[in-house]
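Engineer: Both chains are sitting in their own frames, so use the hints and assemble them into the complex.
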Amino acid sequence: KQEVTQIPAALSVPEGENLVLNCSFTDSAIYNLQWFRQDPGKGLTSLLLIQSSQREQTSGRLNASLDKSSGRSTLYIAASQPGDSATYLCAVSSGGGADGLTFGKGTHLIIQP
Amino acid sequence: NAGVTQTPKFQVLKTGQSMTLQCAQDMNHNSMYWYRQDPGMGLRLIYYSASEGTTDKGEVPNGYNVSRLNKREFSLRLESAAPSQTSVYFCASVRGGEQYFGPGTRLTVT
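Protein chains in written order, with our numbering: chain A, 1 to 113; chain B, 114 to 223.
Chain B with its partners taken away, still in its complex shape (with noise of 0.2 Å):
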């Protein structure tokens, strides 16, 4: 059972490079979240998946598009990558309302 893991986990992105960070949890969760973590403003959520198939915008969800494929996997695209993009990105599954994270991508844009 390795709970939530997210690949790569690190990656470092030229302005105007697209990436998809992955995001995959093996505890059959329904919801599913994206979030970002920068100095100073704590985590702020960018996305989220209530089921398999749905997707609702988070607080700060510009800039990224998300894909819920299946119910164990949730990714997060950047299309057009921008220095205010720099971030560590963290996933998020959900039971009985209590949130387990993944590790984190550490994303760096130049």
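Next comes chain A alone, as it looks inside the complex (with noise of 0.2 Å):
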């Protein structure tokens, strides 16, 4: 069964510094990984999305990468302001008859203005 667990649980920055968060996932075999924001109360919104074929995305600045053979995804937060204040979630696909999403349990993040 897969499992994912972010690393860490949460984090608290000042504003401007650059951060990563971290997802690591048991089984190689993924189909995609998806980078999610929860504001609280709030549902999900996608930000990024990475196939199993490719190895990062970009989206302003954020950048998701993707190694697949260590199991692991990163993150990365450019010049960090008081509005990436959020949970950020992290999900794999593994695809097949039951291709919902598998959660880690999110990163709790707080940029300190």
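One or more hints might be untrue.
[As the list claims (entries may be wrong)] Just a few of them, taken from the derived set where beta-carbon distance is under 7 Å, the chain A residues facing chain B: (1) Gly43; (2) Ser46; (3) Phe103; (4) Lys105.
Keep in mind the hints are simulated off the structure, nothing from the lab. The C-beta atom is built at its ideal place from N, Cα and C for all residues, glycine as well.
Structural biologist: See below:
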């Protein structure tokens, strides 16, 4: 059974810093990996989708990498801003019959002004 | 283009009551999913539907039923609610492997 782990569980940094969020998964036979942002009491917003054949994806100040062989992904946030404060969730799809996502428990990020 | 919509936003039920959570998407996606989110457990898949008229169980299907009557709508039914079903429920649909989530329904069972 696929398991997804996110480290750290919580992170607080001053505004302007570059930071890295980590995601690891136990089964490297994935279809894709998706990073989401969730604000308190809200739904999930998709940030980046990396297909299994890709190594990285970029959107603005966000860059996500994928290393399937080691079962790892990182989300890099450049020049952090207070508006980046949220919980960041990593999820993998293993495809097949039940191709729902397996989620990590998230990293709660606080950017201090 | 509203994306994925869910109703209601909030609901309080007594143990044993029934209700249906509604989900609709206007993106013409084939696949739709229901998840629940619980503190310390993350999001877990309840049921999914790969296409109109088909449904399959996910990780935590017990106590739930689903219905995919057409391409747009995928409903989740609790026949006899239990306190363990207190959770936030999210519906999602898929395009090109990317999942798009609705705003969620916060359900409390007392």
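Engineer: Run every hint past the structure and note whether it holds.
Structural biologist: We went through each hint and held it up to the structure:
1. Annotation: A:Gly43 was flagged as interfacial toward chain B, and the flag holds, the nearest CB pair being 4 Å apart, inside 7 Å.
2. Residue-level restraint check for A:Ser46 holds (minimum Cβ-Cβ distance to chain B is 6 Å; threshold 7 Å).
3. A least Cβ separation of about 4 Å between A:Phe103 and chain B falls short of the 7 Å threshold, and the interface hint therefore holds.
4. This hint holds: A:Lys105 has a C-beta 5 Å from the nearest C-beta of chain B, less than the 7 Å allowed.
Going through the hint list in order, the structure satisfies each hint without exception.
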